[in-house]
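Visitor: Quick note, the sequences are listed as chains A and B, same order. Just so it is clear: in the first sequence, position 305 is 305 by this note's numbering, and no numbers are missing. Just so it is clear: in the second sequence, position 143 is 143 by this note's numbering, and no numbers are missing.
Just so you know, these hints were derived from the structure itself, not from any lab. Every value quoted in this text rests on a predicted model; they were computed, and no experiment measured them. Please note: incorrect hints may appear among the correct ones.
Just a few of them, taken from the derived set where beta-carbon distance is under 10 Å, the chain A residues facing chain B [stated by the list, open to error]:
(1) Arg135
(2) Ala225
(3) Asp228
(4) Met236
(5) Gly237
(6) Arg239
(7) Val348
(8) Leu349
On the chain B side, residues computed to face chain A include the following (Cβ under 8 Å) [said to hold, decoys possible]:
(9) Asn30
(10) Asp63
(11) Asp83
(12) Arg92
(13) Gly101
(14) Arg102
(15) Met103
(16) Arg114
Glycine is no exception: its CB is placed at the ideal position from the N, C-alpha and C atoms.
Spelled out from the first residue to the last, the chains are:
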Amino acid sequence: MSSQVSQIRNEVDSEQASPTRPMPKWEPYLGWIYLVILVIAVAAMIWFPSNASAYSVTLALIVLMTISLATSWNFLSGFGGYTSFGHAGFFGIGSYVGALLLYYERTGWITAVILSGVATGVLALIIGYPTLRLRGPYFAVAMLGFTELFRVIVTSWDSLTLGGRGVFLPIVRFQQVEDGATWWDRFQVQVHNNQNYYAMLVLAVVAMILAYVIGTSRLGLELLAIRDDEVAAQSMGIRVVRVKITAFALSAVFPGIAGAINARQVGFIEPLTIFAVIWSIRAISTAILGGQGTILGPILGAIVLTLVSERVWESDPNLYQVIFGGLIVIVVLFMPGGFISLLQNWGVLPRSRRL
Amino acid sequence: MSQPATMPTTSTILDIRNVSKRFGGIQAVNDASLSISEGIVTGVIGPNGSGKSTLFNLITGLDRPDAGDIRFQGRNVAGLGPDAINRLGMGRTFQLTRLFGRMTVFENLTVVSRSGKGEATDRALELLDSLDLTRLRDEYAENLSYGQQKLVEFLRLSMNDPSLILLDEPFAGVNPVMEQKLLEQLHAWVNAGKTILLTDHEMAIMMELCQEIFVLDYGEVIAHGAPAQIREDERVMEAYFGR
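With these hints in hand, go ahead and build the complete structure from the sequences.
Guide: Here it is, written out as structure tokens:
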């Protein structure tokens, strides 16, 4: 009898999960470490255009845009597990709101860019309410549908949007540095000539800071709980609809603004390319590669994926799509948690929510 | 067949009146009335498929009743969402545990808290300590044994100190040592004046634990009363062992 009991006790003891590695000492200071890195990185990025080629600046702008898109996609879809194909739709709407405000000369460009984000944020609030009741693949498909719907509306509302002809945006007139200019004058010219780059820098920084705030807050945890088991989350009193819509609206602001800045950068937009699903896929694959539901993952993914794909495209434009697609397949199959969870599994990184 | 008359008393915390729920061709709950008294342990028993889980889902808002009233502390909660009902002071566990698998044990507790961060942390640590689970605080919930998951689910519902606790088959699939731990927690709740509503197939435990038992069969309440009465009831025997 007693041996039976002790046997059961042994079973219970052996049931105990393996002890977790303790958090490293630097973990609580990660926020400050990030702040220092961010300040240094931003200073470098501010300085960067002063002696970089136009090509390098454009490439950096694309990296920053991808950071904004992937990081913001991650708010709802990474943390909350609601995969959205709607980023292309918001990107397109933002592009058109910004472009048309400038085309009809209604506002200055900074106001136009900000209003684009406001527009897509409000739009997300409106369509989030009905669609966020759908779970899993239904939500993904609904957002795909909305992207298509937006494209059709913009294409057919010819009198406002110029339809399929597209919109040409007023170009940024370059300034020259005059002889004997102070460094401050030079800097102002540099900012003026690279204003889209600097705007994208601001957007990416705001997105990253917001990612940290969400990732380390109750909202972030609530989203993770929804990802893991929405029924349980709701039964434990988490207001899931409110949480999802908040995350969705926040995540929609960034593609809107990125679209408007991108429209200025490329100078011409038309519905087919601007509402293309590839914008969603870019955001999704970047976030997955880096690590969904983490703060750093989408940032890391954006830097690696943009630079690698640019490099591959340069050397072999024909193979580009194959390699790019293959890379994503490998990531999804063999490291579904992306870089971050790979490094965590190797023991390089702790399982911190600050990552 | 007439419903057993259960007059709500002043101490009735949950009053279920003529509640029905149909799924397609199956009448899962049929005109059921149950009155749950405050501060005691009430059991709901019945064969598999008798409507116990559906009844729990109706009470906690996961399903909406087709007909009938569910009054919790005098307020009709039928039609409210699960989050709203939980916030009124009702906590539950699930037949198969539903923890947040890729979150740590500690996060599983703090995420449902409605207090500030510091208070939530203190509460979670205190609860973990109460069941000797502190060493698991940073473990992912999906890595826990089933029994441990049940314990954490118990603690999770305690985070916001609900007045009514619903436990859906808490002892199913749990080894005797874990069962003892679960029972300890249950007794702690009873001593703290909580009202508990639970279902289980472990007849011996139910008879010992519950002051009042309702018996469901084909979605209907076929008997209710003290365990001693239930044991003698012919309809209960029929429902369980056939005619």
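Visitor: Next, verify each hint and record whether it holds.
Guide: Structure-based check of each hint:
Taking 10 Å as the C-beta contact cut-off toward chain B, the hint placing A:Arg135 at the interface is violated, the least distance being around 14 Å. Interface hint status for A:Ala225: upheld, as the beta-carbon distance to the closest one in chain B is roughly 5 Å, under 10 Å. Checking A:Asp228 against chain B by beta carbon gives a least distance of about 4 Å; that is within 10 Å, so the hint holds. Interface hint status for A:Met236: upheld, as the beta-carbon distance to the closest one in chain B is roughly 4 Å, under 10 Å.
With its C-beta approaching chain B no nearer than about 4 Å, A:Gly237 sits inside the 10 Å limit, and its interface hint holds. Evaluation of the A:Arg239 hint against chain B yields a held restraint, the C-beta minimum of about 5 Å falling below 10 Å. The restraint placing A:Val348 at the interface with chain B is violated, with a minimum CB-CB distance near 18 Å, outside the 10 Å limit. Interface restraint check for A:Leu349: the shortest CB-CB distance to chain B comes to about 14 Å, outside 10 Å, so the restraint is violated.
Given the 8 Å rule on beta carbons, the hint for B:Asn30 is violated: about 24 Å separates it from the nearest Cβ of chain A. Checking B:Asp63 against chain A: minimum C-beta separation of about 11 Å lies over 8 Å; hint violated. The interface hint given for B:Asp83 holds, since its Cβ lies 5 Å from the closest Cβ of chain A, which is under the 8 Å cut-off. Contact between B:Arg92 and chain A, as hinted, is supported at the beta carbon level, the nearest pair being about 6 Å apart and thus within 8 Å.
The interface hint given for B:Gly101 holds, since its Cβ lies 5 Å from the closest Cβ of chain A, which is under the 8 Å cut-off. The beta carbon of B:Arg102 comes within 6 Å of a beta carbon in chain A, closer than 8 Å, and the hint placing it at the interface holds. Taking 8 Å as the C-beta cut-off, the interface hint given for B:Met103 holds, the closest approach to chain A being about 6 Å. With its C-beta approaching chain A no nearer than about 7 Å, B:Arg114 sits inside the 8 Å limit, and its interface hint holds.
Hints 1, 7, 8, 9, 10 from the list above are not met by this structure, while the remaining hints are.
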